[in-house]
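Protein chains in written order, with this note's numbering: chain R, 15 to 207; chain P, 30 to 125.
Be aware that a few hints might be false.
[Claimed, not checked] Rough simulated footprint, nothing fancy, chain R against chain P, three-plus residues with beta-carbon under 8 Å:
no.: 1; segment: 49 to 58
no.: 2; segment: 65 to 79
no.: 3; segment: 108 to 122
[Unchecked claim] Over the 12 Å line for every Cβ pair with chain R, so calculated as not near, a few chain P residues:
no.: 4; residue: L31
no.: 5; residue: G34
no.: 6; residue: W43
no.: 7; residue: A85
no.: 8; residue: L89
no.: 9; residue: H91
no.: 10; residue: S104
[What the hints assert, rightly or not] When the alpha-carbon atoms are kept at most 25 Å apart in a straight line, the in silico SDA-like pairs for lysine to any residue are as follows:
no.: 11; chain 1: R; residue 1: K160; chain 2: R; residue 2: A138
no.: 12; chain 1: R; residue 1: K160; chain 2: P; residue 2: S95
no.: 13; chain 1: R; residue 1: K160; chain 2: P; residue 2: P101
no.: 14; chain 1: R; residue 1: K83; chain 2: P; residue 2: G122
no.: 15; chain 1: R; residue 1: K66; chain 2: R; residue 2: S79
no.: 16; chain 1: R; residue 1: K132; chain 2: P; residue 2: R82
no.: 17; chain 1: P; residue 1: K40; chain 2: P; residue 2: G122
no.: 18; chain 1: R; residue 1: K83; chain 2: P; residue 2: P88
no.: 19; chain 1: R; residue 1: K160; chain 2: R; residue 2: E150
no.: 20; chain 1: R; residue 1: K83; chain 2: P; residue 2: F72
no.: 21; chain 1: R; residue 1: K83; chain 2: R; residue 2: T46
no.: 22; chain 1: R; residue 1: K37; chain 2: R; residue 2: A55
no.: 23; chain 1: R; residue 1: K189; chain 2: R; residue 2: I90
no.: 24; chain 1: R; residue 1: K160; chain 2: P; residue 2: L78
no.: 25; chain 1: R; residue 1: K37; chain 2: P; residue 2: R82
no.: 26; chain 1: R; residue 1: K83; chain 2: R; residue 2: R93
no.: 27; chain 1: R; residue 1: K37; chain 2: P; residue 2: V66
no.: 28; chain 1: P; residue 1: K40; chain 2: P; residue 2: A84
no.: 29; chain 1: R; residue 1: K83; chain 2: R; residue 2: I51
no.: 30; chain 1: R; residue 1: K160; chain 2: P; residue 2: A84
no.: 31; chain 1: R; residue 1: K189; chain 2: R; residue 2: D169
no.: 32; chain 1: R; residue 1: K132; chain 2: P; residue 2: G122
no.: 33; chain 1: P; residue 1: K40; chain 2: R; residue 2: D169
no.: 34; chain 1: R; residue 1: K160; chain 2: P; residue 2: F72
no.: 35; chain 1: R; residue 1: K160; chain 2: P; residue 2: V66
Just so you know, these hints were derived from the structure itself, not from any lab. Backbone N, C-alpha and C fix where the C-beta goes; we use that ideal spot for every residue, glycine too.
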Amino acid sequence: MDKILETDGERLLVAVRNLLEAKGLVTTAEITERRAITDAANPGQGARMVAKAWTDPAYRVAMLSDGAKAAEALGIPMRGMPPLGVLENTAELHNLVVCTLCSCYPRAVLGYPPFWFKSAAYRARAVRDPRGLLAEWGTHLPEAMKLRVVDSTADYRWMVLPMRPAGTEGWSEEKLASIVREGDMIGVTIPAA
Amino acid sequence: MLAPGSQVLVKNDWPETRGPCHIRTPHYLRGHRGVVVRQFGAFPNPEDLAFARPAARVPLYHVAFSRQDIWPEGSDRDELLVEIYEHWLEPVGAAS
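Construct the entire structure; sequences and hints are all you get.
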């Protein structure tokens, strides 16, 4: 009966894994650890970083200068991950992240990319008509605001540090983290209290 | 090495018309001018890595482009910020 569930892809995966182990390139424990890290990564990790940056000025500075180090400081595993850059939204500048070539994404801190991030429509429109695209997300930028579209084409991964919304004065880090969504850290949306 | 603020031209080169290749320079930027924002250090050339060839480390830059230079419609306050390897960039002289 097990054969019914067996696919070529799974057989290939097992064969490659066995080869990697036989050649001493990787151990079962390493594969298990990596799978656990991948499954644990989710937008809540990035949201914790954002909330900390909103409440701790020194952390904000550290996060803007080296995102990977700042992630590690909160216990987010970054070993073997590409460098992480952080783009700060201000009253004058809004950042939007896209990967026009494929679907490069800061998985360590945001988890798996949402389906639309990988779509041809998002990837094309984010660079050609970014304000039109944002409007469809309900994000209307003032005309005077500069919009910076960061196309992650190479070795870095990028996340947005949104502005702390008004009405959140005195909130705890946990409560602040709870309002930060995946889209806020890609730049398609803006967090609200 | 290209200093921040340097004007650069992305090579108008199309290796994909000459055979199998892996390029991390988006097609929409080729032949366009931008400004170097910062250097990120050097990374193994993905054009070789993709084919499991020995890959030399090449300098990587963040380069800013005016979106309106590429697509005339829309706001003139949109900037595109893109990672580009040095071998795709040509310095643009002040006189040119």
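Inset, instruction - Would you check the hint for R/K160 and P/L78, treating anything up to 25 Å between C-alpha atoms as holding? - result: violated, 36 Å
Inset, instruction - Could you grab the alpha-carbon distance between P/K40 and P/G122 and see if it respects the 25 Å cut-off? - result: holds, 15 Å
Legend entry - Minimum Cβ distance from P/L89 to chain R greater than 12 Å, as the annotation requires: violated, 6 Å
Legend entry - Agreement of R/K37 and P/V66 with the hint, judged by alpha carbon distance not exceeding 25 Å: Judged against 25 Å, a Cα distance of about 43 Å means the pair is violated.
Inset, instruction - For the pair we were handed, R/K83 and R/R93, check the Cα-Cα distance against 25 Å. - result: Given that 25 Å is the threshold and the Cα spacing comes to 10 Å, the pair holds.
Legend entry - 25 Å limit on alpha-carbon distance, applied to hinted pair R/K160 and P/A84: violated, 37 Å
Legend entry - Pair hint P/K40 and R/D169, alpha-carbon separation not exceeding 25 Å: holds, 20 Å
Legend entry - Hinted pair R/K132 and P/G122, Cα distance within 25 Å: violated, 38 Å
Inset, instruction - Compare the distance between the alpha carbons of R/K160 and P/F72 with 25 Å, and conclude whether the hinted pair is satisfied. - result: This hinted pair is violated, its Cα atoms lying about 30 Å apart.
Legend entry - 25 Å limit on alpha-carbon distance, applied to hinted pair R/K160 and R/A138: holds, 20 Å
Inset, instruction - Take a quick look at whether R/K189 and R/D169 sit within 25 Å of each other, Cα to Cα. - result: violated, 33 Å
Legend entry - Proposed proximity, P/P101 with R/K160 (alpha carbon, max 25 Å): holds, 16 Å
In summary, the structure is inconsistent with hints 8, 9, 10, 14, 16, 22, 24, 27, 30, 31, 32 and 34 from the numbered list given earlier, while agreeing with the others.
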